[in-house]
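Novice: Sequence:
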Amino acid sequence: MLERTEAILSDLIAHPTVSSDPNAALIDHMADRLESAGARVEVFRDESGQKANLWGTIGPEMAGGVLLSGHSDVVPVADQDWSTDPWQMTERGDLLMGRGTCDMKGFIAAAVAMAEDYAATNLRRPVHFCFTHDEEVGCLGAQSLVPLLKEREALPAIAIVGEPTEMRIIEGHKGCCEYTARFHGLEGHGSNPDRGVNAVAYAVRYVTRLMELAEELKLRAPRESRFDPPWTTVNIGKLAGGVAHNVIPGRAEVEWEMRPVQYGDAEFVKEQLRHLIETELLPAMRAVTPWADITVETIGEVVGLEPMDDNMARALVTQLTGGNSADVVPFGTEAGLFQELGMSVVVCGPGSIAQAHKPDEYVSRQQLAECLTMLEGLRRNLAA
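In the UniProt record's numbering, the protein residues as written are 1 to 384.
For the record, the hints were derived by calculation from the structure and aren't laboratory data.
Where is the CB? At the ideal position from N, CA and C, for every residue including glycine.
Don't take each hint at face value.
With a straight-line cut-off of 35 Å between C-alpha atoms, the simulated DSBU-like cross-links for lysine-lysine are [said to hold, decoys possible]: (1) 358 - 218; (2) 270 - 150; (3) 218 - 270; (4) 218 - 238; (5) 238 - 358; (6) 358 - 270; (7) 270 - 238.
Derived Cβ-Cβ restraints for the label pairs, each shown as a range [claimed, not checked]: (8) 342 - 319: 17 to 23 Å; (9) 152 - 274: 34 to 40 Å; (10) 381 - 152: 18 to 24 Å.
Turn these sequences into a full structure, and let the hints guide you.
Specialist: Below, the structure is given as structure tokens:
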């Protein structure tokens, strides 16, 4: 089974599914593999036809099954110093190197490799496969799939999201909210700044308030928070604007994110920024020119995975892996979206998050073998 998994993983790595590029060819490839193994497969394409999600099922048509979930997109390799071809899986001892090996095509390869064995088993509950697009840029694929799944009666009861956790059981993580604020001012000569609207200056005031809010959020951390750090964080990823030393900049842009530990924190930050824009920044800008404006684009708002006292997924994966603890992590996944659908969810998959997004990304054969052991245990658990 490990050899089969490695062969599938090699095929998956050869598809350069960076989030900015199409993933439809990879989804079609996996659909063919799953259908050949005996799965009932649906492919959901976006309006362009270049992006797609896959939903597959093996076993009886009924509610209460188990979902194996992974995202098909990967982060770029541009400007990274790779020692190997990132789009060709390379063996280095026990390590399998290539973009996406751990994040998270390794888990997908293991799940697809198990499909034939699942189909050959008389399952008393179904096993489902969900492979999505654009997780790395706001979980866009999963968010487009959720409304379709809400209409179904035969939803899984349990979801295992195979992000790289070194096969540790993760029962909670923060949410992830990403935004781009754009400032439209009035250009002019730098010798007379009062006759223009300096978009960069107003962007800096916006960023300054964000930095203040980042400190205020530390005081809002729940006492029982298990996250590290325990509070909602804010990160300013990009501040850009201006053309020259002596030109009043008419355009500026701020890209930022926050990772809430609780829903109220996100609303608190957004309300504070709305108040700043509406009562201070825009009135000052429009006092010079009525065409000045500030727009805030929501890139993505993904809910976190809330730890639950009663978690069937945690109990099942504990049984399958022999793990005796469940942790929380600061990075985000699609897990919270499945939890909102009423599923019991954990994150557990091969590889380390420390390798994700880096040059010479890898997953070890040992980690893949442990993942296959879990998935084989699931087969036995679901057998009639």
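Novice: Confirm or reject each hint.
Specialist: For each hint, the structure was consulted:
no.: 1; hint: 358 - 218; in the structure: holds, 29 Å
no.: 2; hint: 270 - 150; in the structure: holds, 28 Å
no.: 3; hint: 218 - 270; in the structure: holds, 16 Å
no.: 4; hint: 218 - 238; in the structure: holds, 22 Å
no.: 5; hint: 238 - 358; in the structure: holds, 20 Å
no.: 6; hint: 358 - 270; in the structure: holds, 32 Å
no.: 7; hint: 270 - 238; in the structure: holds, 18 Å
no.: 8; hint: 342 - 319: 17 to 23 Å; in the structure: holds, 22 Å
no.: 9; hint: 152 - 274: 34 to 40 Å; in the structure: holds, 37 Å
no.: 10; hint: 381 - 152: 18 to 24 Å; in the structure: holds, 23 Å
Violation of the numbered hints given earlier is absent; every hint is satisfied by the structure.
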